[in-house]
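Number of protein chains: 2
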Amino acid sequence: MTDLEKHQRMANAIRFLAIDAVEKAKSGHPGLPMGAADIATVLCTQFLKFDPTAPDWADRDRFVLSAGHGSMLLYSLLYLLGYEDFTLDELKNFRQIGSRTAGHPEYGHGAGIETTTGPLGQGLGNAVGMAIAEKLQESRFGKELVDHFTYVLAGDGCLMEGISQEALSMAGHLKLNKLIVIWDDNGISIDGAVSLTDSTDQVARFAASGWNTISIDGHDPAAIAAALRQAQSSDRPTLVAAKTTIGFGAPNKAGTNGVHGSPLGGDEIVGTREALNWPHEAFEVPNDILDAWRIAGLRSAHAHKDWQKRFADVDAETRAEFERRNRGDLPAGFEDAVQTYKKQLADTQPTMATRKASEAVLNVLNEVIPETIGGSADLTGSNNTKTKQTASVTPDDFSGRYIHYGIREHGMAAAMNGMALHGGLIPYSGGFLIFSDYCRPSLRLAALMNQRVIHVMTHDSIGLGEDGPTHQPVEHYAALRAIPNLLFFRPADVTETLECWQLALEAKDNPSILALTRQNLVSQRKTYEEDNLCARGAYVLVDSDEDAAVTIFASGSEVEIAVEAHGKLSEAGIAARVISVPCFELFEAQSDDYKAAVIGSSPVKIAVEAGIRMGWDRYIGNDGTFVGMTGFGASGPYKELYEHFGITPDAIVAAAKSKLPAAE
Amino acid sequence: MTDLEKHQRMANAIRFLAIDAVEKAKSGHPGLPMGAADIATVLCTQFLKFDPTAPDWADRDRFVLSAGHGSMLLYSLLYLLGYEDFTLDELKNFRQIGSRTAGHPEYGHGAGIETTTGPLGQGLGNAVGMAIAEKLQESRFGKELVDHFTYVLAGDGCLMEGISQEALSMAGHLKLNKLIVIWDDNGISIDGAVSLTDSTDQVARFAASGWNTISIDGHDPAAIAAALRQAQSSDRPTLVAAKTTIGFGAPNKAGTNGVHGSPLGGDEIVGTREALNWPHEAFEVPNDILDAWRIAGLRSAHAHKDWQKRFADVDAETRAEFERRNRGDLPAGFEDAVQTYKKQLADTQPTMATRKASEAVLNVLNEVIPETIGGSADLTGSNNTKTKQTASVTPDDFSGRYIHYGIREHGMAAAMNGMALHGGLIPYSGGFLIFSDYCRPSLRLAALMNQRVIHVMTHDSIGLGEDGPTHQPVEHYAALRAIPNLLFFRPADVTETLECWQLALEAKDNPSILALTRQNLVSQRKTYEEDNLCARGAYVLVDSDEDAAVTIFASGSEVEIAVEAHGKLSEAGIAARVISVPCFELFEAQSDDYKAAVIGSSPVKIAVEAGIRMGWDRYIGNDGTFVGMTGFGASGPYKELYEHFGITPDAIVAAAKSKLPAAE
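Protein sequences, first through last, are from chains X and V. When the first sequence is numbered by full-length UniProt numbering, its final residue is 664 and no position is left out of the sequence of numbers. When the second sequence is numbered by full-length UniProt numbering, its final residue is 664 and no position is left out of the sequence of numbers.
Zero decoy hints are in this set.
You can't tell identical chains apart in this list, so a pair holds if it fits in one copy or across any two.
The calculated lysine-lysine pairs, modelled on DSS-like cross-linking and capped at a C-alpha distance of 30 Å, are:
(1) Lys26 to Lys639
(2) Lys595 to Lys657
(3) Lys639 to Lys24
(4) Lys639 to Lys92
(5) Lys356 to Lys24
(6) Lys143 to Lys388
Derived from the structure by calculation, the hints contain no laboratory data.
Looking at chain X on its own, in the form it has when it is part of the complex (with noise of 0.2 Å):
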């Protein structure tokens, strides 16, 4: 057998797992599989840098395979490599429910999926992130430790999307040149050629933004190595453009679009294992080419060992920060910093937007937690996300701790989502609030997967003022809320934001919004306290000394609307209380007893908020009385504009008399 006899053999058990995984399903995605047998067979037999055995080693190569739906390729992969969490009867699995075998790749359902890919371009945004976490690692803590490449396969949909050029160009500029993008170029997609929607020359269009490109025919194992070779010499992140043919050796449907997301049917895969040489039963792999794939497997593990040797000669200090901030554990000074600089807030009582409260938590907290990486999508000084800590990251310095992402939103997010996932660091963004619809499918897949990433997003209502409707979130709330996993902060002062940033820090497994203002807001803790009271979701902020006629809820600043609302009301010889709802999340993470002793008994029960009522019911009841937007906002002053809309202490005051006609 020769070596390309080999390679193809091995290849072909690629193929054949997908094709019959596929057809066992009765659903799936053989094409790609099939396509990117070859490449895939290359790259993890000579190019790879992993432990089947240890899944987890932090200096593993990361492999991406952005275009998801081919999640066969990664199975097969992990199957033939020894990855124990895929063995044949989970491949036999696929598409079941509770298999680790999803249709498509599920971060956590198995050690080796390095990421939940499948929205197109996704996946080429993460490994963007992941390799600018190996830039900013391996200035930490050196090239003995921290040394490896990512490799992405993408497909024509990742690179149509937009993501992709908000991913590419921020590669192109930060000169990531350990990422390797190779594009699986079939020419189809669902709908036909894909010279039915794009004429894009996209090696002209990667070259713009400053990447190495090399172009190959994507069957051929020799130039598929020389290219990656050429790649990993590269000081520019690289493209390799891989012709390729979708359904490679299927008799009727290769070079089709019938071949990308269906079964081939019982007679196609006959003839495909006529024409590829495999007369083997349906997930059959002959003994000599899972040997030659597990000996890859194995031999792959070297790397791993001589890694572990240079570890143990690293300074134990060393060592263990490093592990430290892989488990992804905060450092022991973080609960003092936030107690002492609780106990500061409460003797001062500053007035400050929230977007400046958080700037000096940052400051606080970013000098104790040096795994921090902060950033902002071109809104730097209107975020308040760099701090005296965070020197900006540039393309021929990662030794900083501040990365401008520019007016990418939904690169950023992914990029954010591919450090989270890398471990090592915690990245925090800064963004409009409005702009969380430009990355929300990064803010979902960040949820789906549980990875700790934060998001600064200010100019959280109508409170922005002049910029008007489009900049003014009405229903971001409501829509934010509804993303499972994810949590959701709108403190209402100083005190609260500190709180909410302990717990997004806290929170290992929780991606999390902080909404902050750009308008000032008057503190509303008035003693220290060491609970965090944020962590409830829901409190009483405002208690009544008799029976309250009057429970006012409020979020972020819209609570010192509330609480004035509550002095009127007292004046008026109502008992009123008010809860501050930071975040409903955790509030419904509560007890009943909790649940109910917050939400009380008071006749009358008002919410206020800058945004739409949608959510609200669950507390106030659908016959409580909601203070807030109905509709989109407008262009002015802010104050005129909580007046415009009739978000004031007055309001609750006249809502609430009216509904206690008793009380006059």
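Could you slot chain V onto chain X? The hints should help.
Chain V alone, transformed into the frame defined by chain X:
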């Protein structure tokens, strides 16, 4: 005064109106108007075809200020050219509540604003749609009636957003030669120099997608004119890369980010007046310069008069049809077609997926509404949006009615907004509901601008099965219902699908989403009713003869489950009702009496929907029972998923019984 001097004074009129308005508002963005004033002056006085006295003339050139933060550029132009909505008083009222001169250009605030911009890149996407619309209309009505350009002024931020790639690659592929994008290449973004975050060769990037490109000095009026002339004769879309100085003329702040988004301040304004030799009071435009602008406005109207003559020469039927389509009225045969098909459905009671139902409906409605333009983001065979009437549009033939948008949900939605804004067309699209996240910023703008765009979004729940949680909408119903003005429809069967399509088409001021199933559903409507029952958003689908103990609310595919549960409850002797809720927004708009009657007073209220609970408390109360999802979905056959997540008739029955202890 030389021509150059005259040009410069005319441009300075823009600059100082912008400077003065921003200064008076104490808020705004003077840098772009100052930098792009030369471009705008040349464009509007020598090239743009328009009529200030008839701003809605169908064949006017469109001018899109994609960099919407530079709104004072647009307002200044509209005032100077003599658009009556934009008086000097309006300019003085910049960024105040109720003014036409909002912080960002708001469509509908005054005639002359072609689209709402501000969220970066959207204007570019809209313009692609306008240019597509021009070609479609030209192929239908001929060059005599339709022959105009679409001009865009875009900033660095527009080009950095991912949507720009989708827009420009679509335009390049479709050879939209009447689209001319002027890039205000000032090299400055909010964080500082663009070079801080991006190194892309934008000219090479556009060229890679087949654009004609021209690079010029954006302060040289002769170069600007020459570029625009060359662009007008290109067979491809054109990028004019115009090097400019942001804040041109400001002695200290020009060329810096200090002039981007803040008033210049008194001293700097004095210095700018000196530097540009503009010794006039705030808001004062010397008569000769105002006259020169107004003459340009008057002269431009000649083209309109010529067009009116040509229009008068066209046959009456064509004139009436052209006008009908531009008014956005539906054709006379529409209602009959709906009723005829509805009768047929009542007779045949087909079982089908609502995505297939939608295809069947479209086959009927596309026959009578020639102005619909279908499409899909590379999911034609899954969305079923292509019918026998809709041949594909190709770069060389726009007589078709179907656009293969490619894997570009965001660019598609933005282009559809542009097509709707252009007028004469009703764009509808296809995509997966999960990918509403990818185009959410454009959906929001369609709602804010009250545009009739219709998005068919299929695979609307865990009912899509094996593709798994990355593709299964869970939070999307709530998140989309949260957007003001947007109609989110989730029809339960083929008749409801027809009715929802009717409502979407009749809603001239609302965008609509039709969330449709992949899986089959039985017909729920057993008899023909002329009334559109979905028009009230929710209605009693199955009533109870006696006082109902249980009311079950459901939408879409879960209505079938609710009806099955109703049957089981009846067998158990429990009186129940089923409410179909195809559209929350329309239900909310009903009278209190109607809403109360539909919601009813059953002691037990249950909602069933394959999404999260958010929103349903409004109808079932916070003590109601919700049968649905609490987190992300899973990969598996869809019937098993419904069982797995407990969204079944039995779960509803059990919930009802648990709340009705006496009923057992």
